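> Chain by chain, the residues run as shown.
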Amino acid sequence: METLGKREFGEEMRGEFSLEEEMVFLNHGSYGAVPKIVQTERVALLETMDRHPDRWFRNEVRPLYDEAVKELAEFVGADPDNIVFVTNATAAVNTVLKNLKLESKDKILMTKHTYQACAFAAESAVKRVGASTVVMEISLPIESEDTFVDQVVEICKNNAGVRLAMLDHISSPSAIVFPIGKLARELHKLDILLLVDGAHAPGQLQLDVEDLGVDFYVGNLHKWCYAPRGCAFLWVSPEHRTSMEPLVTSHSYKEDMVEQFFMQGTIDHTPYLCVKPALKFYKDLGGHAALLGHIQPLLDWAQDMLCQALGTTRLPVPQSMQAPFMRVLGLPVSENTTRTRESGINLMKDLYTHHRVVVAVVAFSNQPWLRISANVYNCKEDYICLKDTLVKLLKKV
Amino acid sequence: MEQKTGTEPDQLQLGSGVRHLFMLEKGTAFTNHGSYGTVPRQVMEERFSLLRMMDSHPDKWYRNTLRPLYDQAVETVARFVGSAPSNLVFVPNATAAVNTVVKNLNLGPEDIILSNSHTYNACSNAIESAVKRCGADTLSLDITLPIRSEEDFIEQVVEICKRNVGIRLAVIDHISSPSAIVFPVARLAKELHKLGVLLLVDGAHAPGQLPLDLENLGADFYTGNLHKWCYAPRGCAFLWVSPEHRDSIQPLVTSHLYKQDMTDQFFMQGCLDHTPYLCSVPALQFYDQLGGYKNLLKHTQPLLDWAQQMLCHAMGTPVLPVPPDMVAPFMRVLRLPASDKYSLSRAEAERFMDDLSREYGAVAVVTCFSGYLWLRISANAYNCKDDYLELKEVLLKCL
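Taken in order, these protein sequences are the chains called U and W. Counting along the first sequence from 1, when you hit position 299 you're at 416 in the numbering used here, and nothing is skipped either side. Counting along the second sequence from 1, when you hit position 396 you're at 414 in the numbering used here, and nothing is skipped either side.
Since the hints were made in silico from the structure, they are not lab data. Be aware that a few hints might be false.
Sample of chain W residues lacking proximity to chain U, with all beta carbon distances greater than 10 Å (derived) [claimed, not checked]:
| no. | residue |
| --- | --- |
| 1 | LEU163 |
| 2 | ASN182 |
| 3 | ARG186 |
| 4 | GLY214 |
| 5 | LEU216 |
| 6 | TYR311 |
| 7 | SER357 |
| 8 | ALA365 |
| 9 | TYR378 |
SDA-like, lysine to any residue: derived pairs with alpha carbons at most 25 Å apart [said to hold, decoys possible]:
| no. | chain 1 | residue 1 | chain 2 | residue 2 |
| --- | --- | --- | --- | --- |
| 10 | W | LYS150 | U | HIS357 |
| 11 | U | LYS218 | U | ILE272 |
| 12 | W | LYS277 | U | ALA480 |
| 13 | U | LYS229 | U | ALA301 |
| 14 | U | LYS153 | U | MET361 |
| 15 | W | LYS415 | U | ARG172 |
| 16 | W | LYS180 | W | ARG166 |
| 17 | W | LYS78 | U | THR506 |
| 18 | U | LYS153 | W | GLY45 |
| 19 | W | LYS180 | W | PRO164 |
| 20 | U | LYS224 | W | HIS274 |
| 21 | W | LYS316 | W | ARG59 |
| 22 | U | LYS244 | U | SER221 |
| 23 | U | LYS215 | W | GLU146 |
| 24 | W | LYS44 | U | VAL160 |
| 25 | U | LYS218 | W | LYS150 |
| 26 | W | LYS150 | U | MET361 |
| 27 | U | LYS218 | W | LYS415 |
| 28 | U | LYS371 | U | VAL160 |
| 29 | U | LYS222 | W | LEU270 |
Model, not experiment: these values are computed from the prediction. The beta-carbon is built from N, C-alpha and C at its ideal position, and this holds for glycine as well.
Working from the sequences, and respecting the hints, build out all of it.
Dropping the structure here:
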């Protein structure tokens, strides 16, 4: 059994977090969870800041920030020079898209599973110059990684003018892992840039961003890396460095990219600085192997158990394209699980407000789905509780 | 907060007696409240409490709890600055707000944005970046000393707008950063509108330091920091947008609520920490508990008058030559004597500041304009004469 100090993975590990007792948390993917040890560190940093604000902003914060960048860069396999902190993946995506020099003939490619905020960001970016977007269907089942890559290449060839593809590393509603490395190679052959929305990737996949071959990579640390919100990064391939400016121009305008993104006026940098204790926690848990060792069998079992109980099937994608720490399975269509996103949100709220279970309910391909997450504090009982609740609720129809 | 029995808030004695309400370390003289503000212990505790709430049930926080608290904070701040709640949105800082406005403008190659020689550097950069994209231009009004009167300044602005008909927007400080000058923005708004020029007021220093009535000020856009003079955690600021421009102002980060009402768009900025915004409520409560503007003025004005005279006498230099009604209530700017240690440049001013702070642990701002180096001192509830006496000692050692 994997442990952190004296605690075992599972129920006992709840003691490392401050999650509400009596509540079953099966939606780590949406907002993450901050361990007590990281919360304490953050409080200490905030106290330091206000002991002497001038000293903090003029002397103390920058070395701490650089240290955090170094830790993060090592963790995601990046050169520290190519990485900057941003508030969240959405902000990073906006930054990349709005720095592009687009013309009216240009197109941005995304998919039907692209995170809504990012799709809107693309819409906003193209609107300014009268460019357009192309939205690719994700048709199920997905046969293989190569099939998907072929589909992307096909759509690019059929739509002249695609300048940049914005693709998820792990999609949000469907928790599909996309073959980003292969996609980068094929897209570059077609002279198309690749922006990877890896919001869910850091901590969940082992990354080697420098070797992926993409142009831009964004990832959240507050999802699967135990950092406080909002904490995310933007990685920029060296060839694009000089054309990447933060959305907020400040004192370090025209200086190196790293300077420009650090200097954002008077802000609270402590979420970024907490990457250090957050990644220490991750490593003390035993790192990715230890998490996978606990989570994979748990989710395999939970997925099968839930599918059987609900009479549905899991998302039809190859195992290599299944997110390690999240699973998506069909929900039967019912009064409280219609095919719309809104009904999913309502059901989610109902579940945690009246039934003590937090889980994500999503909609795509014209049907409702359940997205379950697992982390070190989850155990079988959590998913049995979910099953019992759903069976009860959905029966009511 | 403990108070003497029978003491009304506006009778509360400010000075070293209330220093314990703040988190500032002992043994340091803090005379630079203007740069980063400071957070009272009770506001910090409220923030910790909100963070704990967030961490105990993140889904509930983001989907249920947060929005009503955010709206309540908007209403509280709106009331404080004389704004309709629907015209006000939170942003991390005034720089972000200025960026938002200038980068939303629909400018063309014939258009000009007007700033001036005391415009905050980050904002000048934002303006440069904004015009670069659309091929527009910038113009800077040189602020020359002495400033004789508000009318004098207004005339200069009007003059430059008449001579340059391409000016579409003027960016003017309510209280300038390097020089702590209060500009007559209400009257400027009137004159500029006659000329068809929009006004963005950078009021970074204004909330808490000047009483505000934004709905009646007449500006097109107004931004203010709450983490400077209103005791909120960083970063906490607001952007006020006049109703006629509401539809054309979008946040720099497009998120889930794209194309919805301005208030919703600015609220929804993805997953982030909204607690600085939410803490504007306990921050403004604290401001009230200190006795509000009146009591703060009662404490800081004589203190700064004395400090200014004492420092000028010690250094043999004058104060900034501006009329009394253009002097910031909680900040003063005095000339530094010429010295062979520091020459005249922004970089040298920075170096002087660093020396003051690193070698001597004192905090004050040193800036460079109009051919001199200047010292900007601030005063707040926790300051007393000893702070400025210590500053004097350090300055004399440094010079």
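> Taking the hints in turn, state whether each one holds.
Here's how the hints hold up against the structure:
no., hint, in the structure
1, LEU163, "holds, 24 Å"
2, ASN182, "holds, 23 Å"
3, ARG186, "holds, 18 Å"
4, GLY214, "holds, 25 Å"
5, LEU216, "holds, 19 Å"
6, TYR311, "holds, 22 Å"
7, SER357, "holds, 22 Å"
8, ALA365, "holds, 13 Å"
9, TYR378, "holds, 12 Å"
10, W:LYS150 <-> U:HIS357, "holds, 19 Å"
11, U:LYS218 <-> U:ILE272, "holds, 22 Å"
12, W:LYS277 <-> U:ALA480, "holds, 22 Å"
13, U:LYS229 <-> U:ALA301, "holds, 19 Å"
14, U:LYS153 <-> U:MET361, "violated, 36 Å"
15, W:LYS415 <-> U:ARG172, "holds, 20 Å"
16, W:LYS180 <-> W:ARG166, "holds, 21 Å"
17, W:LYS78 <-> U:THR506, "holds, 18 Å"
18, U:LYS153 <-> W:GLY45, "violated, 32 Å"
19, W:LYS180 <-> W:PRO164, "holds, 23 Å"
20, U:LYS224 <-> W:HIS274, "holds, 21 Å"
21, W:LYS316 <-> W:ARG59, "holds, 23 Å"
22, U:LYS244 <-> U:SER221, "holds, 9 Å"
23, U:LYS215 <-> W:GLU146, "holds, 17 Å"
24, W:LYS44 <-> U:VAL160, "holds, 20 Å"
25, U:LYS218 <-> W:LYS150, "holds, 13 Å"
26, W:LYS150 <-> U:MET361, "holds, 14 Å"
27, U:LYS218 <-> W:LYS415, "violated, 53 Å"
28, U:LYS371 <-> U:VAL160, "violated, 34 Å"
29, U:LYS222 <-> W:LEU270, "holds, 24 Å"
Checked against the numbered hints above, the structure breaks hints 14, 18, 27 and 28 and satisfies the rest.
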